[in-house]
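Between the sequences and the hints, there should be enough to build the whole structure, so can you do that?
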Amino acid sequence: MRLNPLRKQLNQALLIALSLCLSPSAWSEVEHRFSGFATLGVVASDNEDIGFRRDLTQDEGARNNDLYWATDSLIGVQWHTRFSHKFDTTVQVVARDRFKNDFEKSLEWAFIRYRPVDGLDIRLGRLGSDIFMLSEYRQVGYAFQWVRPPLEFYSWLALYHFDGIDINKRFDLSNGTLNIKAYYGNTRADFPTNYNEEGVDIDFNPAGVSFKLEWGNWRGRYTYSSVSINNNILEPLTDGLYQVQSVWADAKAYADSINSEGKTMEYHEVGLGYDNNVWWAQTEYTELTSDSGSFVNSSYFYFTLGRRFGPVSLYAIAGSVKPEEDYRNVTGPEGLPPLYAQQIQPLVEGTQETLNGSYLDQQCRGLGVRWDFASRKALKFQVENYEMDKNGTNLWVNYENKDFTEDQSSTVISLTMDVLF
Amino acid sequence: MIKKLILTIVLMGCSIASAADILVIVNADSSVDGLTHKQAVDLFMGRVTAFPNNKPAVTLDLETGTPLRAHFYKALTGKSEAQVDAYWATLVFAGRMTQPKQYDSEQTLIQTVADNSSAIAYVDKQPLPANVKVVLELPSEE
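Quick note, the sequences are listed as chains S and D, same order. Following my numbering, the numbering of the first sequence begins with 1 at its first residue and continues without gaps. Following my numbering, the numbering of the second sequence begins with 1001 at its first residue and continues without gaps.
Among the hints, a few may not be true.
Below, simulated DSSO-like cross-link-like pairs (lysine-lysine); rule was C-alpha separation at most 27 angstroms, straight line [what the hints assert, rightly or not]:
1. S:K169 x D:K1055
2. S:K377 x D:K1133
3. D:K1133 x S:K212
4. S:K86 x D:K1038
5. S:K181 x D:K1055
6. D:K1101 x D:K1133
7. S:K377 x D:K1079
8. D:K1055 x S:K377
9. S:K86 x D:K1101
10. D:K1133 x S:K100
11. D:K1055 x S:K212
12. S:K86 x D:K1055
13. S:K212 x D:K1079
No lab work stands behind these hints: they were computed from the structure. Keep in mind the model is a prediction, meaning the values are calculated, not measured.
Right under this line is the structure:
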């Protein structure tokens, strides 16, 4: 039988394609992977006035010893596609409780990675903000020992993702590995406040560089990040202040300080971890400074120590967040006619609340246990005691926006189950 | 008495024999002839994606819950299987690395390594076909 030339060519092409598919080097075929993680948790907190939340992206919390499930429960799914050893894409969606929740906020990662050579990664798209030790997996309960990332540290520092680029270069050392990463991008985030329903909507550009060293049983890191804010997050307040500067001399200075447009926040973070597979310890410290009056200069810290007994791990944790500036008392202009004074009073109160809105002064001590009771499943139980300065309770949901005259405290009990799938 | 002694020696022999080594294997055509312990850790713990000679590496794994998998990672890193899974979760869900593809048996691993010049896997010490070669031997406690 004679084959016509075209058919012959087609057959040859098919044969070549088939042999390519069957040859040992045929690993360039597209490969899809689906995986995920989930946490089911309940938490109870005994303070009656303020609600316990996992971080500042939540506007509901646990209080009054009622069991609350939305704080820690979540489910995340990830779709990874490998096109070749140089190109791959990752999409991650996490469903959990968030203030002003929507799908756009649930889309944690969506990026393409280009790896021209082993040890150099360039990622473009929606990326995890690798600012702190747990930043990139802070929602994956199975990946860490505690019920949730240490609150004093991770609650206010609630940057999850940004749209932009990062470049990571690995350096192989004799007994370790050094990774240096630089990143830049843009993101918007909604945060609830204790004083208005709509919260604040921040549009900002994070940029930074991180150094991560793994050396035997030790891990260390340093990150410098700068976050520049693109919008004035409290425009109604600053507009109001600018309008009354003729009768309230301080109003303009307050407005200039509160106006966040063009202001920056700077983070210096250091982290150190040790794990010899029996004992483990981890600590992180961050200093935040800002030239905007809306963000109080603060220091964040935690230390934790644990020991494994087969599938059971016991740990202790201590954390603190302290303001590096004084609490600000704002007084309105004196000697005004009562009608004017009455009109200005909400601006005075709004200014005081805003200037102290991120005044955080609390510490925590806690104990916990993790039990890896089955493959890729862990149960955790954690008890913590929190103590807050009367002005420093802003990590908590202040339902009635109370001004406390006494320091606050709460005992928080949590039970969670984490799984990977 | 002598019988007891012989029995003891035999039992000891058994326990020594069961302290089987684990072999790290690559395709016989691979340009890699040997790996240090650290190089194997870097490959199987997702720190690197290439062999020391910069050729791309495809790391293969056994399914979670396979006894040899637990023995291998214990011998390689000192970590339990749960610790290894937690460690990989930090890399995978951070979008940094892809976890090695998991296979259901050692025979599938050997076959896959035999078919793929970039592959690297681990198996219990055993006679191997000519198209795979050993690049590291790990003593296993069990």
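Against the structure, the hints:
Note on S:K169 and D:K1055: the hinted pairing holds, with a Cα-Cα distance of about 18 angstroms set against a maximum of 27 angstroms. Only pairs whose Cα atoms come within 27 angstroms are accepted, and S:K377 paired with D:K1133 is rejected, the gap being roughly 36 angstroms. The straight-line distance between the Cα atoms of D:K1133 and S:K212 is roughly 35 angstroms, outside the 27 angstroms bound, and the hint therefore fails. Restraint check: the Cα-Cα separation between S:K86 and D:K1038 comes to about 24 angstroms, which is no more than 27 angstroms; the hinted pair holds.
Of the supplied pair hints, the one linking S:K181 and D:K1055 holds, its CA atoms being roughly 23 angstroms apart against a limit of 27 angstroms. Distance hint between D:K1101 and D:K1133 is fulfilled; the C-alpha atoms sit about 20 angstroms from each other, no more than 27 angstroms. Among the hinted pairs, S:K377 with D:K1079 is consistent with the structure: their alpha-carbon atoms are about 16 angstroms apart, no more than 27 angstroms. This hinted pair does not check out: D:K1055 and S:K377 have alpha carbons roughly 36 angstroms apart, beyond 27 angstroms.
Of the supplied pair hints, the one linking S:K86 and D:K1101 holds, its CA atoms being roughly 17 angstroms apart against a limit of 27 angstroms. Note on D:K1133 and S:K100: the hinted pairing is violated, with a Cα-Cα distance of about 57 angstroms set against a maximum of 27 angstroms. The suggested pairing of D:K1055 with S:K212 holds, with an alpha-carbon distance near 25 angstroms, which does not exceed 27 angstroms. Distance hint between S:K86 and D:K1055 is fulfilled; the C-alpha atoms sit about 12 angstroms from each other, no more than 27 angstroms.
A threshold of 27 angstroms between alpha carbons decides the hint, and for S:K212 with D:K1079 the separation of about 21 angstroms falls inside it, so the pair holds.
Violated hints for the displayed structure, listed by number in ascending order: 2, 3, 8 and 10.
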